[in-house]
Amino acid sequence: MIAKYRIIVLAGCFILFGAGSVFSSYNFPPPEFDSNYIKPVMEKLPAGADWLSYLDIVVLLGAILLSAWASLKKRSRSVIVIISLFSLAYFGFYKEGCICPIGSIQNVAAALANPGYYLPVSVILIFSLPLIAALFFGRAYCGGACPHGALQDLLLIKEISLPKGLDRSLSVGAYLYLGLAVLFAVNDSGFLICRFDPFVPFFRHTGPFYMFVTGGVFILLSTFIGRPYCRFLCPYSALLKPLSLVSKNKVTITPKECIVCNLCAASCPYGAINEPAAKAPDQKRPRFFYIAFFIAALLLGSVLGYFTGGFLSRYDVNVKTALEIHNYYNTGTKSAVILSENAKEFIRKGESNEILFTLAGETVSHYKRSGIFLGAFILFVLFLQIVYSLRRPKREIYEPDSARCVSCGRCFRDCPIHRKAAQKENENKKS
Amino acid sequence: MEQRKILYSLLVLAVGLLLGLLVESHFIPEKSKTGSAKEELPDKYKYNIDEYKKVDSGLVIYREIKVFKTGFTEAAGLAIDKNDKIFICGDKGVRVVDHNGILLNEIISAEKITAVAVSGEGVIYAAARDRIFFGKKDFGRDFGKRGRGKGDFEYITGLKTSGDKLFIADAGNRKVAVADLQGKFIADIGGKDAAKGIKGFIVPSPHMDLDIDKVGNIWVANTGLLRLEKYSVDGVFAGCWGKAGAGLDAFIGCCNPSNFVIDKNGDFVTSEKGLPRIKLYDKTGKLKGVVAPPSEFNEKCVYMALAVDSKNRVFALDSVKKMVRVFEKKQK
Amino acid sequence: MGQENKISRMEFLKKTGRGLSVLALGGIAGAALGRSKRKRESVWQIDPDKCTQCGKCATECVLRVSAVKCVHNFSICGYCNLCFGYFAPGQRELNTGAENQLCPTGAIRRRFVEEPYYEYTIKEPRCVGCGKCVKGCTAFGNGSLQLQIRHDRCKNCNECAIAKACPSKAIFRIPAAKGYITKENNDSKI
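Chains as they are written, first to last, in the working numbering: chain A, 1 to 431; chain B, 1001 to 1332; chain C, 2001 to 2190.
Wrong hints could be hidden among the right ones.
Unchecked claim - 25 Å max Cα-Cα, derived BS3-like pairs, lysine-lysine: (1) 2123/C with 1044/B; (2) 344/A with 1321/B; (3) 1066/B with 349/A; (4) 1321/B with 349/A; (5) 2169/C with 1322/B.
Hint data in this document are derived by calculation from the structure and do not stem from the laboratory.
Taking the hints into account, I'd like the entire structure generated from these sequences.
Now the structure itself:
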């Protein structure tokens, strides 16, 4: 009924404005037919409705909250595994991994840098919900709602533990990746995180070859190294870590008081359990030492970043094409230069070189400027890592490291107090 | 023990990465390196008309002698008066230039001018799609309105004056309208007549040019049939020539020639789009030679409006280079 | 005493940190949303006026058979007898013989309407999105055949692989409500 009305209204508009005059860009009158031929309409299958993406957000929020409940309240690894399986199936294989909070970092960065960018409200929600949840429940998103985390978590067969030093230094990779991804996103050069995502090709059963190679390596690794992508690369973890440090609620290994029985010490495949330690002997360095170190790091980072930025700009398509075109016109032997498709297309179109060069120049200088921030950020992270590793606070019990714990719930089962409590609960249920 | 395991895992990682790099550098073709999954498209999926672009250089009987800027982003038409002043029309109006491209006069218009003509008295006629402006120094007067009736226009793509008459090729209405120099409608030529089974002009795309020969016959490009049609002064069909095909002597595509002009010898200079080329035919449709082969043009070149000056030089619009290109017959 | 102080100091720091984080998150989200003038759900589309039919759509899409296919915009079609989107340039005869056809997969159907007009329709399952017919139609005719991202096939990737590879930058996001860009409703022309 409604459809019928719409057709009438549309037809009315057509008669009112005359065929073709509604749009100005293409309006040459088509041929008129003597036979009663009726023109077919261009086939236009609709895009998914807006509410579908909001449904996904509801599902995401549900998965995060459920995962938080399972890790904080219910304290059940099996529930977390079930949520993980669901997330892997729904967000991973059914929705095929797009769009996810990890990738949404780039959308937000691009929107901040470029007001013309499309940033639907749903994407902002996908970006911020897991982060807000981290402030209250720790990394509940990583534990059960993230298909990438779930895949690696479920694949872990026989873990080996990495030495602390190696673990710490590799985890700087996440911040580096975050910095690079943001740098590329704000300069409109593409989404690195999406392009090199190791698991999406498996979710989709299709993708470029190099993605399958990196994905395969990560899948192989995650059978014996716990969550290699999450720990050493995932740029979203770089945001989640500092936030979960100040989280209101934390995962605890034991439901009551820790008896320092040592049973849980080896249960965490991610090296996220801090062991009891005596306070390190006081070796107070003067405060100005830290400040000087800090300033030196920032300065060094800025300078390095400036040059790195200039180097990285070559990976921007415009800059690449501009360089090629420049070389093409400035080398005598034109035939010897092998041009990329983009450069060929540019020459074929016969557009102005100057415009391309100025645009590319702007991109390069923008890269250099944002490179300063990137460099300063990386060195700042390094500085914090070093300061953090020098710090030896006194600790009396076994507890998960708030930043590194991904709320997987593996340690619960190794805690005798937890087991006793669980047993009791079961008995209560039976009676 | 632990140490060894780490060593092994790092080794596996290294081997994996090396393998990946090896495959990447040796087995993936260079062209698909920018992140593509598959090989380049096989040739059968590519549109290729290169073999028709080849023209024997002996057949090219004209040479390019100069070029100058049109001054428009989208130039559309060209006309030359008896004093060899050149009138170029386009998105911003009409520009009058001398044969070196030096601006003599400019008439600005808010609408895009799709065709231009000059009368013997030097009155400029400029068509803005469905209206015609005219005047000597400005567009003080105009006539016509959008519509399908007599004296109405839909999409004017060609204008010519001859004696005291103005001939208007309306591609939208698929007809040629004749008016007097004041804009008063006289008659239609070559309209569709369903009753008599006359299909009239088949114009699939907005290209339909016309010209008047020395005798006063009206020649119209019936682009959908890929031929030029002759009509007598009273609008009676009097013959045609032109055939479809990819060969040099034929007109290629669905709808060509996009533009044409009759030169001082009574020969026809034609331009085609899709496979941009300018050719010279005699009045019976026999190919005399090539003015400019496809290699002279960017393949996206359309709207190659043509005009001929008193020295029989061919002026052609190049819509990609935004230039007027001038061709002269080679000396023997 | 000292111990208690220290714990409460830690708690205080955490609370402040949490407050600041909420503020910062809200700030980032708000600023990003505020700056972005386009907040509706969006989909990928090809600008038919920028498309040069380079063939990348057929090869770069993450799907095995690209989400890009040829669609026919009948409203601007000239219904040409000698359609250069249908016939190979050197065709011998104007009939539907395979040797005369341009499409390598035979995905276009030609049907007589009335003298001298013919209707052309795309058999979607056969189309691979190479754009060969589009190139012919655009060069010689009106370009009523156009390549377009079909929403029933597109996965709406966050970063479209074809968009990145497109040498003409003809692929971008448009509001999902608008659906499809055709030559008539194309307001993104430069």
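Hint-by-hint comparison with the structure:
no., hint, in the structure
1, 2123/C with 1044/B, "holds, 19 Å"
2, 344/A with 1321/B, "holds, 17 Å"
3, 1066/B with 349/A, "holds, 22 Å"
4, 1321/B with 349/A, "holds, 10 Å"
5, 2169/C with 1322/B, "holds, 23 Å"
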